[in-house]
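Residues per chain are reported as follows:
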Amino acid sequence: MDDIIERLPEMLIGAVTTVELTLLALVFGIVLAVPTALARTSRHLAVRAVPYAYIFVFRGSPLLVQMFLLYYGLSQFAWIRESALWPILRQPYWCAVIAFALNTGAYTAEILRGGIQSIPKGEIEAAKACGMSPFLMTRRIVLPRAFRIAWPAYGNEVIFMLKGSALASTITLLDITGMARSIIAENYLALEFFGIAGVLYLLISWAFMRVLRAVEGRLNGHLRPPPEPVKT
Amino acid sequence: MIDLHGFGLQLAMGALMTVEIALGACALGLVLGLGCAAMRLSGVKPLVAIAQAYTTVIRGIPELLVVLLVYFGSARVLTGIAESLGYDEYVELSPFVAGVIALGLTFGAYAAEVFRGAFLAVPLGQIEAARALGMSPAHAFRRILLPQVWRIALPGLGNLFLVLLKDTSLVSVAGMEELMRKTSIAVSFTKEPFTFFAVATVMYLGMTVICTAVLHVMERRANLGYRPLTTI
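Chains as they are written, first to last, in the working numbering: chain A, 2 to 233; chain B, -14 to 217.
Hints may be right or wrong, so weigh each one.
Beta-carbon label-pair distances, calculated as ranges [said to hold, decoys possible]: (1) A:P145 x B:N144: 22 to 30 Å; (2) B:A106 x A:A127: 34 to 42 Å; (3) A:E124 x B:V202: 48 to 56 Å; (4) A:F57 x B:I66: 42 to 50 Å; (5) B:R128 x A:S76: 54 to 62 Å.
Listed below are several chain B residues computed to face chain A (Cβ distance under 7 Å; list not exhaustive) [claimed, not checked]: (6) I46; (7) L53; (8) L54; (9) K151; (10) S154; (11) V158; (12) A159.
No lab work stands behind these hints: they were computed from the structure. In this text, all values refer to a predicted model and were calculated from it rather than measured experimentally. Just so it is clear, CB atoms sit at the ideal spot from N, CA and C, and this is done for glycine as well.
Generate coordinates for the entire structure from the input sequences, incorporating the hints supplied.
What follows is the structure, given as structure tokens:
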């Protein structure tokens, strides 16, 4: 029992790393997903093709392979090892963040595309009729509407990213899973520490879900049923 | 042509193993999912609680953690059970069985939700009609309920299978010799990480494309009765 309590602070440090990795990946992922989703819904085949290929590759192959390709793969090329970006690409932390961001970016783009395509046609027509330029329409009508429609589906993606971040432990990072594995390598208490790791993930995903639901309540406030009239 | 340094056959064998694990886990997961959905819909409180706990926990913790738990935790549990039965031996699951169990558990938790939704989507009147025609409950289940549940659940299950196919890469972490592990072995021999991980990516993409096509055919078959009438 003492063994376990003694090691709990380390597990909490791992939890911080997990949350950090997930949030960074999600932020970069969204930045990547917005232009990708917009290009994906373009009228021109040539514009659609590039995001289509990106989404196809990143959704069709395992995240683990993508991460290994980035972390181990890039060192195969001398010109990358000599480039200015190498100090970043050499670090497992940033490799994990980049791989996660590229992966979640592809999934988020698909979710966002669904949102964009399910905006009622009339709203787009109305925006055009009001004389909005395409840029203004995208900024004021298309994206806000798409985000509101896509938010519940995006919530799932957030949880998937949180769970996916456990893969960072395979490239030496000490997130929750990595920390558990390194502790278990010392004291062989596999059940206990993987169990604690599981509980930590459950707690974090519960917290994430609370935040997501609160945001959804704000975003889609107009869809809330009206309050019951006060009986007099 | 890319030089695989004679590892081509090894990679192909790895890919075959990947498919085997995926199919095994899928079979186990379908049974678990159906059973779990039945428990959720049974209305018997303890059964509902067990099923709900299973789906919540498994869906809330990373797949990698489930894999690690089954691989490194199962030996102690099994040995403990053997001890309590009077055997004094060290019991361990074979890597293949452990991999199938770990991924099957994950698949089952998600499949349970898909099945539950599908069961609820079949109108109650149809069951009543079948019973009124004199079908036994088992007969009505097999001839009326199951074909429709299959049709409704298939798209969801198909998505889960594609996720499962990619998740098989996780069992490589525990030393199972599937595509990902074979690739890592090839990398450690040839020192060409990018080449080999890129080849693995392409192989995973190929498997995804084939599975998508097969699922499409299966969906068409399941929906035979629902095809729109062709105009004469």
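Status of each hint after checking the structure:
1. At roughly 28 Å, the beta-carbon separation of P145 (chain A) and N144 (chain B) lies within the given 22 to 30 Å, and the hint holds.
2. A hinted range of 34 to 42 Å for the beta carbons of A106 (chain B) and A127 (chain A) is consistent with their spacing of about 35 Å.
3. At about 38 Å, the CB distance of E124 (chain A) to V202 (chain B) disagrees with the hint of 48 to 56 Å.
4. Hint check: F57 (chain A) to I66 (chain B), Cβ distance near 46 Å, so the stated range 42 to 50 Å holds.
5. Roughly 60 Å separates the CB atoms of R128 (chain B) and S76 (chain A), a value that falls within the hinted 54 to 62 Å.
6. The criterion of a C-beta within 7 Å of any C-beta in chain A is met by I46 (chain B), whose closest approach is roughly 4 Å, and the hint holds.
7. Evaluation of the L53 (chain B) hint against chain A yields a held restraint, the C-beta minimum of about 6 Å falling below 7 Å.
8. Checking L54 (chain B) against chain A by beta carbon gives a least distance of about 5 Å; that is within 7 Å, so the hint holds.
9. Checking K151 (chain B) against chain A: minimum C-beta separation of about 4 Å stays under 7 Å; hint holds.
10. A distance limit of 7 Å between C-beta atoms decides the matter here; for S154 (chain B) the minimum to chain A is near 4 Å, and the interface restraint holds.
11. Interface restraint check: V158 (chain B) against chain A, minimum CB-CB distance 6 Å, threshold 7 Å, status holds.
12. Here the hint on A159 (chain B) is broken, as its CB sits about 11 Å from the closest CB of chain A, past 7 Å.
Consistency with the previously given hints fails for numbers 3, 12, ordered from lowest to highest.
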